[in-house]
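Participant: Each chain is listed here by its residues.
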Amino acid sequence: MIFLVVYIGAIAVLFLFVVMMLNIKLAEINEKKYRYLPIGGLLGILFLFEIFCIIDNDLIALIDSGVSIANSTQLVEANSSQLNSDLLTLDGGIAPIFYKNLLFTEWSELAENLTNIQSIGQCIYTYYSYFFICASFILLVAMIGAIVLTHHQSVYVQTQKELFQNTREFSKTIQKHKGRPVFT
Amino acid sequence: MSILVSIIFIPIIGALILFFVPNWKTQLIKNIALNVSCLNFLMSLLLWIYFDHSTAKFQFSQTIYSESLSFTIAIDGISLFFIILTTFLVPVCILVGWKTISNYVKEYCIAFLILETLMIAVFCMLDLLLFYVFFESVLIPMFIIIGVWGSRERKIRAAYQFFIYTLFGSIIMLLGILIIYLQTGTTDYQILYTTEFSEKRQIIIWATFFASFAVKVPMIPVHIWLPEAHVEAPTAGSVILAGILLKLGTYGFLRFSIPLFPYASMYFTPLLYTMSIIAIIYTSFTTIRQVDLKKIIAYSSVAHMNIVIIGLFSMNSIGIEGSIMLMLSHGIVSPALFLCVGVLYDRYKTRLCRYYGGCVHTMPIFCILFCLFTMANIALPLTANFVGELLVFQGVFCNNTLVAFLSATSMICSGGYSLLAYGRVAYGSCKPYYIRSFSDLSRREFFMFIPFVVVTLWLGVTPQCFLDAMHCSVANILNI
Amino acid sequence: MVQPFPDDFKPVLETDFQIFLFENHFKTVFPEIFCLFASVLLLIYGVLYARIHQANADTLRRKMKIFPPIMVNHVSLLVILAFLLTLILMFNNPIMHATIFYNTLVCDDLIFFCKILIICSALLSVCISLDYVRKQALNAFEYIILLLLATCSMLFLISSADMISMYLAIELQSLCFYVLAAFKRNSEFSTEAGLKYFVLGAFSSGVLLFGCSLIYGFTGITNFSELTKIFSCTGENQHFTGALIGMIFVAVGFLFKITAVPFHTWAPDVYEGSPTSVTAFFAITPKIAILGLFVRLFESSFYDLNTEAAFSLQLGTTQGVSTTFNKLLSMEFTSTLPWQKIFLFCSIASMIVGALGAMNQKKIKRLLAYSSIGHVGYFLIGLCCGTVEGIQALLINLIIYLVMTINIFAIILSPVRRDFVHSVQRIKYISDLSVLFKTNPILAITLAVNFFSMAGLPPLAGFWGKYYLLFSAFSCELYLVAIVGGLATVLSCVYYIRLVHISYFEKIQNRLIFERVPKINGWILAITFFFILFLFVSPGATRRSTSITRSLLQRIEIRDHITDRHA
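Residue numbers (the numbering used here), protein chains in the order written: chain A, 1 to 184; chain B, 1001 to 1480; chain C, 2001 to 2567.
Quick caveat, the hints were computed from the structure, so don't treat them as lab data.
Be careful, since some hints might not be right.
Stated by the list, open to error - Anything over 10 Å on all C-beta distances counts as not near chain B; from chain C, calculated: (1) 2043; (2) 2080; (3) 2116; (4) 2195; (5) 2248; (6) 2366; (7) 2486; (8) 2520; (9) 2526; (10) 2538.
Said to hold, decoys possible - Pairwise CB distance ranges (calculated): (11) C/2217 with B/1221: 53 to 61 Å; (12) C/2044 with A/124: 19 to 27 Å; (13) C/2096 with A/117: 36 to 44 Å; (14) A/16 with C/2507: 27 to 35 Å; (15) C/2096 with B/1103: 20 to 28 Å; (16) A/38 with B/1270: 52 to 60 Å; (17) C/2442 with B/1458: 39 to 47 Å; (18) B/1043 with C/2527: 30 to 38 Å; (19) C/2534 with A/132: 45 to 53 Å; (20) B/1100 with C/2439: 51 to 59 Å; (21) C/2442 with A/13: 55 to 63 Å; (22) C/2217 with A/16: 25 to 33 Å.
Idealized CB from N, CA, C, for every residue including glycine.
Just chain A, same shape as in the assembly (with noise of 0.2 Å):
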């Protein structure tokens, strides 16, 4: 739950700062607002509705009913391998024999001793460590993209010499001139 929060606050934040940076202006935001709206309401409605009924059909439901078992029985003899085993054992699609030796795997034994972070560092940096590696790569990219794009590499920029300021003396910046005053 967490993770969840924190991750919505990055998103959060993140939209802040790109309505931040697009400097996009009200008034032309007002005068086009409703210029695509019943075209894009209805094309977003019927695939909504479309979405829906196929859910409520095909998908297979991690929870039970009457007719996700007909379909993950035909999954199981179409030599599918990779559904969630448990789920299989579970409806007893496979063979009645699991359901006489009642041959469950319990779960909660062999995941107790991890944590989350654990888990997922197990995960992602032996089965899934390319995803990993290909996900810091476009991380870099961003940031090298961020960096290119809005750091300005102008040869004639001001910067700060804190050395320098600091070991001013108050008595030599300051002088009198006589006559015509000279602005340096």
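Once you have looked at the hints, place chains B and C on chain A.
Facilitator: Same frame as chain A, but now just chains B and C:
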């Protein structure tokens, strides 16, 4: 290395040599180009000398194998004369531009030499796909020739029309070739020659081929590009267009459509007759009201080519031989007429009839030649066209008298418009208001015309030596 | 060679997993690893070198005007070197066929071929833009490093065997592209291009991800080869409607990225706005990667995904499999599959819109954008054939397209001197070409031949590509798309020969002079020109080079089905 291969490669080698000659040595460039093309003409005459008249077999064949592509180049009695015609016309094209082409001389010569290679390759290629490839690739140099050396601003429009019309037809033909390839697994002509296609398929493929060839001929609804292109092209461009490119379409009909799809050819014959007769009558009447000399010749070319189509689809050997003769003679006479117009244009920079008159007083030699070619265009006996037209009408008459009758009206019409045009230019009073200075043919121009005169009369007086060579091949085509 | 991963993979958390697997796995992707390391090292090098000099120069700057060094030139040279080395490593890779990293990456001949193409195109596009980058004062070496990273990501994209790795790779690639598009910060157009690309790219990535999640939701699988199995063995009453919609979303997401037609609107703006060197890169490389992925995704994974469930379970698994196998290899099938319908539509629409849209353009880069849209349409013909011929034609076309596009961009990227406006030192408008034939005839001939080739005129390279495509379309009875393809060729001819006409026939309108073409551009132009011109001497050369795909596709299928049978 057979003669045929060397004929294909000599112009390309010439073009390569020209590529390394500096731009400003224009005289050298022209000399090289002329010599190379003349050499090629002589080589092509060797083809005729060594040609075996007594067989329908493909001769001088050279098969080229590579891993992906194997094809044969060879000629028979039909393609022999087209190759000679091509090599005959290209030196003339270079001579025409001798004085008048002043900018981009090197490019001009290279373009014509490459064009020559491509056209010869079209006529001797015995592979359907490669025939298509070369058939199509002729467009590129021709487009450049019309666009760069054409005379007026309208040339761009003409070049576009020429390009798009032809390409549109050819793409459809490509689809037809693909259908053939899918059925037989080969595009080799000699194998296809022995292949049977089902009737429905024949009709479809024939129609796709028709789309391409009809544009090139040109048949009636798609002939718009031809007058435009002829008028706007430089004289040499018109010579090649009228002399060779128009023959590509009819050659395609003769070489591919008729022997490969005999059923479909029979099926479509009425359509072709109708279209051709409409074209003949319509263009003949259109020609009468034209004022641009080049347009007159262009429209008369349309009429003549449609007579050729009628002859081809008469489906007997007299008609087909007549068509070939007519193609050859049209390939001589029509370029010669364009040269005549070119001579006038070079001097006075106009092609409109109304500015000319009384040339017979000021340019007698020119008028004699012009008269001769005009008479040949009317198909006067003893000139080239007469033999062809006579044979065509005889062939059609065996098949369909009505068609023969209607198409024969073209002889009258052609007399009308040709004499009208000749009369406007040669006779009447001089118009010194428009044209002040006069000069007759120069020596270069005169010698340029001499071969045309000789060939025109030769074709008309003793056609037998041409017909002998093509008998067997024509019989072979009809024996299917 | 490589330990096969157990089929019934359970997420069991064992600590003693197979250590030895890393030995071979890293060898397989050694070129990519080298590429990544090169990019990181060059980044560090660039940053440190620039900083050190800056620090030294800091105190003296006022007096001596020492500027921080402009790294982009020698970093580009180093990147070219890196590409070459990657190419060498790729050719000498000992392991060509492997499934590695727990079924996330895959190597085989098709992938190898596409990788070579990608590296070549990236290499060439960097080479032709060297002069541009120098003169245009694109003074940031990150530009070239991002290009290298993008190429790396495409290498990974093409060899990914899993939805997740695919998504990550394409995200890496598009992120690089967003930055590259917006790289010219002082140009409004470039910023606009970057923003547009970013918004639409992010949207398409979202669509893609949604598609992946739908597929995962309805099948429980993210792996491509597993998807093949599950779809090829579905029963009659088994409807994967959800997975079908997921597949459509995946397709849409990718079609966005390769600018196929209903999703193409961003392309002209982005192509026009981004720096020309980047446009050259955009126009070629991502298309190769994504089309290569398409081949793997749709010709094998989603091939049998069919709502009507053509293969019944009663026939038994093996028979169904053999039918699939026959279907893929034989020429005849009548009903089009759902994924084919999508691509057929997109292909037809792209060809038409590409041809029509380009007709009225004034700027050369916009025109090339539309031309590339048209070409994508042609590529999709090869894809939607679903036969080996089609794939082969697609790959041949990719090679030819690569050569032609490099050629045209080498001309556009060569320097030009204008009389009045000093900011634009490159060809920008189409009317700028009008000086070409008069000032630089050799360049004009190259350009004309290239445009004729792009238009698909016979003896040139472009024709052979189109010929193979139309042939493959005919061979699987997709007559409509073949005919539209033919007609679109004629339409596109109109604007290609318009360019030729402008460069040859028109009077000079703009006062500009072509400077000396940079040496490396000259070499590349010469080589590509000769390729375009003389491909007809042996058009089978390209065909032979792609003939590996024939063997390889069969191998994929056979391998899959053998494992299938055993399972």
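Participant: Quick check: does the Cβ-Cβ distance between residue 2096 of chain C and residue 1103 of chain B fall within 20 to 28 Å?
Facilitator: 57 Å, violated
Participant: With d taken as the least Cβ-Cβ distance between residue 2366 of chain C and chain B, does d exceed 10 Å?
Facilitator: Consistent with the label, residue 2366 of chain C stays out of reach of chain B, its closest Cβ about 22 Å off (over 10 Å).
Participant: If I take the minimum Cβ distance from residue 2043 of chain C to any residue of chain B, is it greater than 10 Å?
Facilitator: 45 Å, holds
Participant: Given a hinted range of 51 to 59 Å, is it respected by the beta-carbon distance of residue 1100 of chain B and residue 2439 of chain C?
Facilitator: Distance hint for residue 1100 of chain B, residue 2439 of chain C is violated at roughly 25 Å.
Participant: Taking the Cβ atom of residue 2217 of chain C and the Cβ atom of residue 1221 of chain B, is their distance within the range 53 to 61 Å?
Facilitator: For residue 2217 of chain C and residue 1221 of chain B the Cβ distance comes to about 58 Å; the hint holds.
Participant: Beyond 10 Å from every chain B Cβ: check whether that's true for residue 2538 of chain C.
Facilitator: Residue 2538 of chain C is in fact no farther than 10 Å from some Cβ atom of chain B, at 6 Å.
Participant: Using the Cβ atoms, figure out if residue 1043 of chain B sits within 30 to 38 Å of residue 2527 of chain C.
Facilitator: Given a distance of about 34 Å, which is inside 30 to 38 Å, the answer is holds.
Participant: Does the no-contact call for residue 2195 of chain C survive, Cβ to all of chain B over 10 Å?
Facilitator: 39 Å, holds
Participant: Has the hinted range 27 to 35 Å been met by the Cβ atoms of residue 16 of chain A and residue 2507 of chain C?
Facilitator: Between residue 16 of chain A and residue 2507 of chain C, where Cβ atoms are some 57 Å apart, the hint is violated.
Participant: Would you check whether the claim that residue 2520 of chain C is not at the interface survives, using Cβ distances to chain B and the 10 Å cut-off?
Facilitator: 24 Å, holds
Participant: Beyond 10 Å from every chain B Cβ: check whether that's true for residue 2116 of chain C.
Facilitator: 21 Å, holds
Participant: 45 to 53 Å was suggested as the range; check whether the CB atoms of residue 2534 of chain C and residue 132 of chain A agree with it.
Facilitator: 49 Å, holds
Of the numbered hints listed earlier, those contradicted by the structure are 7, 10, 14, 15, 20.
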